[in-house]
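Visitor: Based on the hints, put chain A in the right spot on chain S.
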Amino acid sequence: MVGAALVVLPLVAIVARVDWAHFVPLITSESSLAALSLGLRTSLAATALCVLLGVPLALTLARTSFRGQRILRALVLLPLVLPPVVGGLALLYTFGRRGMLGAPLRELGVDIAFSPTAVVLAQTFVAMPFLVVSLEGALRTVGTRYEAVGATLGARPTTVLRRVTLPLVLPALVSGAVLSFARALGEFGATLTFAGSLQGTTRTLPLEIYLQRETDPDAAVALSLVLVVVAVVIVAVTYRGRGSLMGRTG
Amino acid sequence: MNVRLPAAAALIALGLTACSGPAAPAPVGDALSGTIVVYAAASLTATFTTLAADFEADHPGTTVTLNFAGSSDLATQITEGAPADVFATADKKNMAKVTGAGLAAGTPMDFATNTLEIAVPPDNPAGVTSLADLASAGVTTVVCAPQVPCGAATAAVMATAGLSLTPASEESSVTDVLGKITSGEADAGLVYVTDVRTAGDAVLGIEFPESSSAVNTYPIVAVTDGALAAAFVEYATGSAARDVLAAAGFGAP
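The listed protein sequences correspond, in order, to chains S and A. Note that the first sequence ends on residue 250 in this note's numbering; no numbers are left out. Note that the second sequence ends on residue 1253 in this note's numbering; no numbers are left out.
So here's chain S without its partners, still in its complex pose (with noise of 0.2 Å):
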């Protein structure tokens, strides 16, 4: 119980703090719908990112055996641990203008740093391993039975993939990805380290109620709680009727 109090209270600690009187006009400032906006759209374009790159990964980690697979795992899922700052940083010396591929590409003209591509990078860099454990423990519970049955039927591997495998673990890569989204949307470490903080280009909510909280702490407490309930609705709807968040298929 106090470890459900040490969550909940903060929460209602800062709904209690929320000026309802300029609730709507602080929300619907420029400046903020430039930052929910922007958000949103980074954040779905990392999430297809993340299934795009999360699906194949999470396949392979469920479906072969290779030497340095445990490792593979581990180091794919490091990102749900390290401190976003530290993603930033990494992906400063990735992609960054003297960065390892950052510099050759900026050769070939392709400029990353400062853009809305970079707030992509450092959301799908710590959004995906969301997806990736989601995924793969679906693949693990539902296991190879149905599967081999479709290739005993004369199924080839891709349709077996489409029609057997994907279907079976839907709800996971469904769970999976709206909550890579809800961390995405959240990102605010890595962004800020990699990506800089431009109106409209890469200042997302975290980054708006971060520098409005040096002028007007009211309008950093209303995005909070935007953000606060952007979060409660998308675990609301993961966990519904599930056991768990991550690793079943419903």
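Calculated directly from the structure, the hints in this document are not laboratory data. All values reported here derive from a predicted model rather than from experimental measurement.
One side only, chain S facing chain A, incomplete, derived with CB under 8 Å:
#1 GLY96
#2 LEU198
#3 TYR210
#4 LEU211
With beta-carbon atoms standing in for the labels, derived distance ranges:
#5 S:LEU72 with A:SER1136: 42 to 48 Å
#6 S:LEU105 with A:ASP1123: 16 to 22 Å
#7 A:ALA1252 with S:ILE27: 40 to 46 Å
Where is the CB? At the ideal position from N, CA and C, for every residue including glycine.
Guide: Leaving out everything else, chain A in the frame of chain S:
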């Protein structure tokens, strides 16, 4: 878990009480003793660490505990009841939040000033030499957002110079601006003179005449009544502290 957590919380609470403690016992003659907690702007980290050590050496039996963060964070913490005995900010606006809430034990005293300087990566890839270069198209410039003190100063010098800037990023703190320069992400940025000194070889500083139009003044005030807090404020505004601050690049108020 249920048994341990309250115990842990109690321990933390004890620790906090021990740190905050009584500000200072009633002065006995000239002898100062006890512990004070000094909340100081992040840009004062190096200088106030030195000042606190010197102060403790001058007054054996005293302990100065330091807490550094952005001025507005500190002001928020104090108005929310954080146990500070002395408060030093990088601007007057955040000081006013605390004095305006009736939380200061005296009148703030100005003890230092800071001005902006152009910071570029050591190899100066964009060949920046003046403030006007920051506004030119081929230069990736990063500055502080207008909401924070260094951003307000940036806006002021730009207005004086009659320049309009299209920055690649408006950061929330001067540290973030400096980080973008040291990593080479940006070609130029505006930071404080003291930040350039602290960064050493990681950045190259370029002075510009318009910087005099935006001088940030640092005030300090005692938050609690007590001889020790008052003595520290007096020390920080005195001549010995002036030398330490000047060596770090701070100007005289």
